[in-house]
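J.: Residues per chain are reported as follows:
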Amino acid sequence: MPSILIVDDNSQNLYLLELILKAEGYEVVTAENGEEALRVARQMVPDLIITDIFMPVMDGFVLCREWKKDERLESIPFIFYTATYTDPKDENYALSLGAEVFLTKPQEPEKIREVVREALSRNAGEAAARPMDEIETLLGYSQVLSRKLEQKASQLEKARTELAEISTAGNRPCLLSALDFVIIFGLSILLAITFNISNPSGIPFFPDPPDKVPAVDPFAMVEEYRQGRILLIDAMPANFYNKRHIKGAVNIPMSLFDIMYSINLSQYGRDQKIVVYGNSISGPYDLQVAGKLMLAGYTDVKVLEGGLTTWEAMGFPLDAKGSK
Amino acid sequence: MITISINRLIRSEYLSLALRIYVGYLFVYASLGKIPHPAQFAEVIADYRLIPFMFVNATAILLPWIEFVAGFFLIIGYRSRGSAIVIGMLLFTSTVMILINMYQAAPITCGCYDAVGEPIGWKKVMENTFTLFFSAQIFCFDKPELFRKLGNLLLGSS
Numbered sequence: 001m002p003s004i005l006i007v008d009d010n011s012q013n014l015y016l017l018e019l020i021l022k023a024e025g026y027e028v029v030t031a032e033n034g035e036e037a038l039r040v041a042r043q044m045v046p047d048l049i050i051t052d053i054f055m056p057v058m059d060g061f062v063l064c065r066e067w068k069k070d071e072r073l074e075s076i077p078f079i080f081y082t083a084t085y086t087d088p089k090d091e092n093y094a095l096s097l098g099a100e101v102f103l104t105k106p107q108e109p110e111k112i113r114e115v116v117r118e119a120l121s122r123n124a125g126e127a128a129a130r131p132m133d134e135i136e137t138l139l140g141y142s143q144v145l146s147r148k149l150e151q152k153a154s155q156l157e158k159a160r161t162e163l164a165e166i167s168t169a170g171n172r173p174c175l176l177s178a179l180d181f182v183i184i185f186g187l188s189i190l191l192a193i194t195f196n197i198s199n200p201s202g203i204p205f206f207p208d209p210p211d212k213v214p215a216v217d218p219f220a221m222v223e224e225y226r227q228g229r230i231l232l233i234d235a236m237p238a239n240f241y242n243k244r245h246i247k248g249a250v251n252i253p254m255s256l257f258d259i260m261y262s263i264n265l266s267q268y269g270r271d272q273k274i275v276v277y278g279n280s281i282s283g284p285y286d287l288q289v290a291g292k293l294m295l296a297g298y299t300d301v302k303v304l305e306g307g308l309t310t311w312e313a314m315g316f317p318l319d320a321k322g323s324k
Numbered sequence: 325m326i327t328i329s330i331n332r333l334i335r336s337e338y339l340s341l342a343l344r345i346y347v348g349y350l351f352v353y354a355s356l357g358k359i360p361h362p363a364q365f366a367e368v369i370a371d372y373r374l375i376p377f378m379f380v381n382a383t384a385i386l387l388p389w390i391e392f393v394a395g396f397f398l399i400i401g402y403r404s405r406g407s408a409i410v411i412g413m414l415l416f417t418s419t420v421m422i423l424i425n426m427y428q429a430a431p432i433t434c435g436c437y438d439a440v441g442e443p444i445g446w447k448k449v450m451e452n453t454f455t456l457f458f459s460a461q462i463f464c465f466d467k468p469e470l471f472r473k474l475g476n477l478l479l480g481s482s
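Residue numbers (this note's numbering), protein chains in the order written: chain A, 1 to 324; chain B, 325 to 482.
The reader is advised that the hints may include incorrect statements.
[Claimed, not checked] Listed next, the in silico DSBU-like pairs over lysine-lysine satisfying Cα-Cα at most 35 Å (straight line): (1) A:158 to B:447; (2) A:148 to A:105; (3) A:152 to B:467; (4) A:292 to A:247; (5) A:302 to A:212; (6) B:467 to B:447.
[As the list claims (entries may be wrong)] If you want the footprint, here are the derived chain B segments under chain A, 3+ residues with CB under 8 Å: (7) 327-335; (8) 354-365; (9) 369-377; (10) 394-406.
Hints are computed from structural coordinates only; laboratory data are not their basis.
Yeah, the Cβ is synthetic: ideal placement off N, Cα and C, and Gly gets one too.
Isolated chain A, as found in the complex (with noise of 0.2 Å):
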């Protein structure tokens, strides 16, 4: 059977090599690097020889320079099988040196044998271009040994760069603490409560409730606020500018109770039956107002049962605005 030479410095890749190889049945040599692949050559002479081309003490390009050097190797198929130099430039070179083949790392099992049958099979001396001269060879080369150090003088800079970025993250402080918001709010806490105690306008921190005040139900009173008998307070401060009222209702939001007080309810006697109604999750207002009245000296004052929205369910009348 033919014999091959492989030669990497990458252990594990000659192992895998070799299998693939003894798997077809070839007589398989290793060699760690160029040096050693030359000297191994000229004392076995094999039939084919793969080679990595980044090892150390001699690399690939050398190595297959001597090899076409050599009256008895130079005849002998060359493969480059490579994961450092992928470039096409690289494999220019490689096969402008006599190379036969130029194989990218990794390849599958089955590419690997048919490459190196077709190698064989054929005149590696014909197939083969012409290697370049001397010059040519070395200019060649310093081409490509610059274009590599520049690609890995990038390489090395954007690690360093994610490095420097990795280290200044560490030393951030962690992305939340709970600590920020125990501080946050612990000391918004403990000056609002002192300074609202200090404050003269300050108020407490949880309101009294309004006194409770008497509800009426729409269905219980709607007979005589037709009849005119029911005079109906809007409270809700909201109304007093969108006009959304039960028809014929009187809009006294809590901030203008005074004005609107005297303006709308001084014709009315003390014992006028008035019907309050307006409030939601932040205010009370009926309460509020019913509770005014009620302090200014009106008797028969309550507070309409589910307010407006219940109104307008039953589908009692609302003023022209407020309905829909």
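Position chain B relative to chain A; hints supplied.
T.: Using the frame of chain A, we list chain B on its own:
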């Protein structure tokens, strides 16, 4: 090239510093108008009709102080990332509350820079959104080394 420059600017810690001072000043200024008048501010909060009656007063007392503390911390660069998050949460909540009231066409005022404030509207929503982006920039790219160095200097450690 322009994209790279913009990207670099957005990630700049110097932009974070400028935004920290701007947003911090904005919140300290806003809080100072509300802190002395909690009752008026409570009425503005109640007008939003989104906070339960029992918590309206507590919110009116606490909220301006949270704004003040977070804004002050942003200016001096202490706990700036936490402060940016707190301010971001305040901005987001207030924007949602404004949008709900705009949808309901409630003619209320925002209570943003003083106890009463200007009417709510798209202008206010845009302002809040921009400030929210500023807070996000501070959170992502601020480097609090300045405060640490100052602390080390004052404490005399290396």
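J.: Now, for every hint given, state plainly whether the structure supports it.
T.: Do the hints match the structure? See the list:
no., hint, in the structure
1, A:158 to B:447, "violated (45 Å)"
2, A:148 to A:105, "holds (17 Å)"
3, A:152 to B:467, "holds (32 Å)"
4, A:292 to A:247, "holds (23 Å)"
5, A:302 to A:212, "holds (10 Å)"
6, B:467 to B:447, "holds (31 Å)"
7, 327-335, "violated (count 0)"
8, 354-365, "holds (count 5)"
9, 369-377, "holds (count 9)"
10, 394-406, "holds (count 5)"
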